[in-house]
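Start from the sequences, fold in the hints, and give me the full structure.
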Amino acid sequence: MIMAGTDVRQERLDQGIKVRTSGIYAISGGKEIGYLILPRLVLIVGLLLLPLVITNPYWQRVISIVGIYALLALSFDFLTHFVGLVSLGGAFFVGVGGYIAALLNTKLGLPPLFSIPLATIGGGLFCTLAIMPCLPLRGVYFSIVTLMYPLLAMRVIEALNIFGGTDGILGVSSFPNRWVEQYSLILVVLVAMFGLRRLVNTDLGLVFRAVKDNDQAVKASGINITLYKTLAVFISSALACLGGAYLVHIYMWAGISTLALDFSIIPIAATVIGGGGTLVGPVLGSLILVPVSELLRAFGTLRIVFYALILMAFIVFRSEGIMVYAQRKYHQFEKWVKV
Amino acid sequence: MNPETALLEVREVNKAFGGIQALFGVSFKLNRGEILGIIGPNGSGKTTLINCITGFVRTDSGKVFFKGREITNRAPHKIADLGVTRTFQIMRPYYSLPAYKNLIVPLFSPRARRLGGWRGGGKLGDRDTVGIDILEEIGFERDSQVPYKLASTLPTGYLKRLELARCLALRPELILCDEVFSGLSMSEIASMLPLIERLQMEGITLILIEHRLKELFRVANRVMVLNFGQKLIEGSPDEVMADKKVKEAYLGSEDLSDYV
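From first to last, the protein sequence lines stand for chains A and B.
Quick note: the first sequence, position 297, residue 411 per our numbering, numbers continuous.
Quick note: the second sequence, position 180, residue 175 per our numbering, numbers continuous.
Some hints could be false.
Stated by the list, open to error - Straight line, CA to CA, 25 Å or less: simulated PhoX-like cross-link-like pairs of lysine-lysine:
no., chain 1, residue 1, chain 2, residue 2
1, B, Lys62, B, Lys240
2, B, Lys144, A, Lys326
3, A, Lys443, B, Lys144
4, B, Lys62, B, Lys73
5, B, Lys226, B, Lys209
6, B, Lys73, A, Lys326
Hint data in this document are derived by calculation from the structure and do not stem from the laboratory.
Bear in mind that the values here come from a model prediction, so they are computed numbers and not experimental data.
Encoded structure:
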């Protein structure tokens, strides 16, 4: 862009090329180390400060909900953009994790310290077994079938009147105090996010991404793709079950509304807004969408209308997502120089 | 292994897609170290034959043996695990990964981890290095940017080589190449031919499906002609070129020597 009448031109330093080719230059100086660490630090410190900065009890609860949606969105982003399985059954994972945690807590008297990890692993295994018959399906067929899972589970609980039926399971114990609740959740989100980012760049992660790019070629390379899809579904569903288990302990109640479609759809919206395939984007997306959804309560029944408008605006004007845009811009330094 | 057992034997394979008979009782044998060319007009069943051998398509009847073991209708990854690898006519790279990372996937497979991948290199170095070694071997300039570029940015010539590299990473015994020369310039083909010959010298058996007859006849030991899913003739390149049936079926009534 050249401005008329002035002798300046825009100079762009594509530092990103250095970053993408190798991380080795980072040890070449403080400036470079800072360049790499700064954005990570902002996110980590920002998240850790949230419970300290926000004092209003209502908004403190919102922090926990943001954390739960961040886990769900991470689970969706990983399975969609790194394995190629678009699951619309996120609510099923949440429900399974939630019910297992609630049952362990109320029937066996296990505190959240044990019920949450057990619900994560056990729920992940249960969901993986349930999804396994659908793994040969691809594309939109897989999506549609997984969409049916939470609906089916809801009707089964209702019809058979198991797990408290429509009343749900009451009397689930909560966390000792809000600090434990919020900080453990924030730490879990950070570990999940950075852990997944590592995973997708290991050799195992490359196989996942190859399955997404071209599953036929992976088969031709002597790799059993069903095995790797199963493993990926376990990772993804365990993360969502973890979110479900937290949800149940925060609300002190597990019911069929943990299988509601919100838990399938809102994480997808958060991923779209934050930028799919970045794994940081979904967390940012949840950080934006959940509070916005709370703020819109002021509009009463028109809330969903405004919510939909915001989503549409994002998809039209920033369809790549905030994080993809931010990463691109961060790696380009632009400045005006006199010619 | 019994020396008289063929490396690959295909016996009376039939395959129909709906009402169209794609393969009609095709049989052939392939000995270790041979290069077999398969030619035929479009739609004659060449690719279907490869798909049937490698398990990507289920055969209706007939049997496929590899080293005397039946592999008919086994899962593709199990057949690849035995060392029967294939390239795809429409290239199937992992577009979102750099070229050398494309080879991490086959190098991560059970077969490559067992045998160490191409020339056993995987047992010595890390997979990234072995991947770049294979790419260099197959014509990617090691010191250039090419091996590190995203597969989606590579031109056709390199993608065709990448298909072959993916097979090599598995330390294959048999490679089935589905039109590796198509879409390449004359100079690119000229550099591929010595590669094919080198692979043969290293003891790899190859099946080449081709439309470029001149290049194929130069490297192939035997040529099989398919027409409407049936085997028309099998023999040395010279025999096939001289055959009247081939001229009529494959090229109409014109003289084949005009093409070669």
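Outcome of the hint check:
Taken as a hint, the B:Lys62 and B:Lys240 pair is broken in the structure, with Cα atoms around 32 Å apart against an allowance of 25 Å. Restraint check: the Cα-Cα separation between B:Lys144 and A:Lys326 comes to about 19 Å, which is no more than 25 Å; the hinted pair holds. Taking the CA atoms of A:Lys443 and B:Lys144, the gap is near 21 Å; set against the 25 Å cutoff, the hint holds. Taking the CA atoms of B:Lys62 and B:Lys73, the gap is about 15 Å. The hint holds against a cut of 25 Å.
Note on B:Lys226 and B:Lys209: the hinted pairing holds, with a Cα-Cα distance of about 21 Å set against a maximum of 25 Å. Distance restraint check for B:Lys73 and A:Lys326: the Cα-Cα separation of roughly 20 Å lies within the 25 Å cut-off, and the hinted pair is therefore satisfied.
Consistency with the previously given hints fails for number 1 only.
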